[in-house]
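Novice: These are the residues of each chain, in order.
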Amino acid sequence: MTTKLVFENLKNKPMRSLLSFLLIGVPVTLILTLQGLSSGMLNDARDRARGVGADILVRASSSTIGIQQTPDAVPEKYVSYFRTDVPHVKLAMGVINHSIEFPLIITGLNLDEFTAMSGGFIFPKGHGLRDPDDILVDTLYAKQKKLQIGATVTLLNHPWHLVGIIEGGKLARVVVSLKSLQEVLHIGSNVTSIYLKLDDPANIDFVDRFIQEHNNLRAEPMADYTEAAYNISNVPGLSDFMYVVMAIGIVIGFAVVCLSMYMSVLQRTREIGILKAIGGSNSFILRIILAEAMVLGLGGTVLGILMSFGAWWLIRTLVPSSLSIEIVPLWWPIAGGITLVGAALGALYPGLNAARHDPIEALAYE
Amino acid sequence: MSSGTAIEIQDLRKTYRVGKVEVPALRGVDLQVKTGEFLAIVGPSGSGKSTLFHIIGGLTPPTSGLVRVAGLDLSALSDSGRTTLRKKTVGFVFQKFNLLPNLTARDNIAVARYIAGTDGLSSKDFDEVLRLLGIDRRLDHKPSALSGGEQQRVAIARAIVNHPAILLADEPTGNLDTGNSQAVLEILRDLNQRRGQTILMITHNPEAAAFAHRTVRMRDGRVE
Numbered sequence: 084m085t086t087k088l089v090f091e092n093l094k095n096k097p098m099r100s101l102l103s104f105l106l107i108g109v110p111v112t113l114i115l116t117l118q119g120l121s122s123g124m125l126n127d128a129r130d131r132a133r134g135v136g137a138d139i140l141v142r143a144s145s146s147t148i149g150i151q152q153t154p155d156a157v158p159e160k161y162v163s164y165f166r167t168d169v170p171h172v173k174l175a176m177g178v179i180n181h182s183i184e185f186p187l188i189i190t191g192l193n194l195d196e197f198t199a200m201s202g203g204f205i206f207p208k209g210h211g212l213r214d215p216d217d218i219l220v221d222t223l224y225a226k227q228k229k230l231q232i233g234a235t236v237t238l239l240n241h242p243w244h245l246v247g248i249i250e251g252g253k254l255a256r257v258v259v260s261l262k263s264l265q266e267v268l269h270i271g272s273n274v275t276s277i278y279l280k281l282d283d284p285a286n287i288d289f290v291d292r293f294i295q296e297h298n299n300l301r302a303e304p305m306a307d308y309t310e311a312a313y314n315i316s317n318v319p320g321l322s323d324f325m326y327v328v329m330a331i332g333i334v335i336g337f338a339v340v341c342l343s344m345y346m347s348v349l350q351r352t353r354e355i356g357i358l359k360a361i362g363g364s365n366s367f368i369l370r371i372i373l374a375e376a377m378v379l380g381l382g383g384t385v386l387g388i389l390m391s392f393g394a395w396w397l398i399r400t401l402v403p404s405s406l407s408i409e410i411v412p413l414w415w416p417i418a419g420g421i422t423l424v425g426a427a428l429g430a431l432y433p434g435l436n437a438a439r440h441d442p443i444e445a446l447a448y449e
Numbered sequence: 484m485s486s487g488t489a490i491e492i493q494d495l496r497k498t499y500r501v502g503k504v505e506v507p508a509l510r511g512v513d514l515q516v517k518t519g520e521f522l523a524i525v526g527p528s529g530s531g532k533s534t535l536f537h538i539i540g541g542l543t544p545p546t547s548g549l550v551r552v553a554g555l556d557l558s559a560l561s562d563s564g565r566t567t568l569r570k571k572t573v574g575f576v577f578q579k580f581n582l583l584p585n586l587t588a589r590d591n592i593a594v595a596r597y598i599a600g601t602d603g604l605s606s607k608d609f610d611e612v613l614r615l616l617g618i619d620r621r622l623d624h625k626p627s628a629l630s631g632g633e634q635q636r637v638a639i640a641r642a643i644v645n646h647p648a649i650l651l652a653d654e655p656t657g658n659l660d661t662g663n664s665q666a667v668l669e670i671l672r673d674l675n676q677r678r679g680q681t682i683l684m685i686t687h688n689p690e691a692a693a694f695a696h697r698t699v700r701m702r703d704g705r706v707e
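The listed protein sequences derive, respectively, from chains A and B.
Residue numbering for the first sequence follows this note's numbering, starting at 84 and increasing by one per position.
Residue numbering for the second sequence follows this note's numbering, starting at 484 and increasing by one per position.
Check each hint, because a few of them may be wrong.
In silico lysine-lysine, DSS-like type, Cα no more than 30 angstroms apart, as pairs [stated by the list, open to error]:
1) Lys571(B) <-> Lys87(A)
2) Lys571(B) <-> Lys517(B)
3) Lys625(B) <-> Lys94(A)
Since the hints were derived computationally from the structure, they do not count as laboratory data.
Whenever a hint applies, use it, and build me the whole structure from the sequences.
Specialist: Rendered as structure tokens:
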């Protein structure tokens, strides 16, 4: 009967119910979209780093965790040094990663070295880098910027000539030759990272120690690097940011349910009086209000999850290259739990208010 | 009519506080109602009829005096005790029907059974009452689709569904036309005669009062 009372009330105030669902759903969507974005961006970056096929990443010792960008420069001469003087190094490749428009990065590399290390890019359209001003972009970047082969792409105040569209998943979305990028950035013969492929992965620890003992550089196995760099808890501020968003979700859920239930209690003062007149206890009245808030919270969660699919579709359609987003079902119950906590807290005041109604005054309410 | 006492009231007083002003609504009411009696209470507005009803029905506590309803001393009852009284011992019929607008007639009756915890029990005898009230074919309609007379009959069904010791009817015909008023009064009389239901009815209408065994008049917070 409690269920019937709750559902009949929601059914008879469809606009209030729908608005409540919508307003509760918005923070759920916000939480799920941000979680999907952070997860998607990190996983995408990690997968692209893994796609290089390297065993060890070498950076300047001052580098912090994350994607290396100028000016954490390493002299390019180290690339040949690693090839010739460090045991077990089969291939070495220096790259420059430079931010163009957050979070996109342009990568300068030697295409032959990259092909040798990773197996090379796959070209659905066009071909590799031949001239100094040639540029490659991946399919997502091309889609987002509506680029066709032959187009001029101006980046870093330099006109580049689009010669190839590559499949994503390997290191970079936007690729130019290492030498051209060094010239455009005026950074001389420096790189930001050096990737090493060894003759045998079993030698990773040895080479890692060797480099750190003989050079003032930071070397780490790619497996360790990708796990550490692309883990949400290791990205400075990201976890805190998520906590703030969740807190906002609770506050919005609380405020919406509180307002909605307060209005509902006010509108139903007479009905509460009737229920009390026929023997409804304070706890019975409170139970109805809380149950209604829980239904609003659950409905809002479901709507929020559905809207997160909408946000997912929009992001993948409009900015597939800049933002990578995933649907994270693991967070559905978490977002739902956060919403229900907010809804329960929000319903408490109007619920207690309703339970404390004087039945005679409530019955006289017009 | 049985010889037992359904309601015993001695020197009942009720004072409301409006801001800093104390307003005496009942100034020493004495009344006895026998089990199975149909009693009409008449009197002008402000004479204390409704307050007396609210106290007998456990909607508000008395300020002083003795009120015993079906053997229960109301002055000793807590808020939850009065809730239990409303749940099981008294049934209300209001002038404005006071049905829950979102529920069907059937659910309006069922909610009273649910609250009293009797919804699992057999209702064979109650089906008979529904036929008696003439609403057995209107149970799946919401109040907005029922006439005033039908709504009041549903309200009566809700009030007696848990077999209360006392049925309190506050101006039950106040919002009804003559035909429906007559029908509702006959139902009340029928319930009293066939089922021995003790009934207290507030009314302004002398014709309605004539349906009762006895009429008491209230004035200025006292029974005359």
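Novice: Which hint numbers doesn't this structure obey?
Specialist: Per hint list: zero violations.
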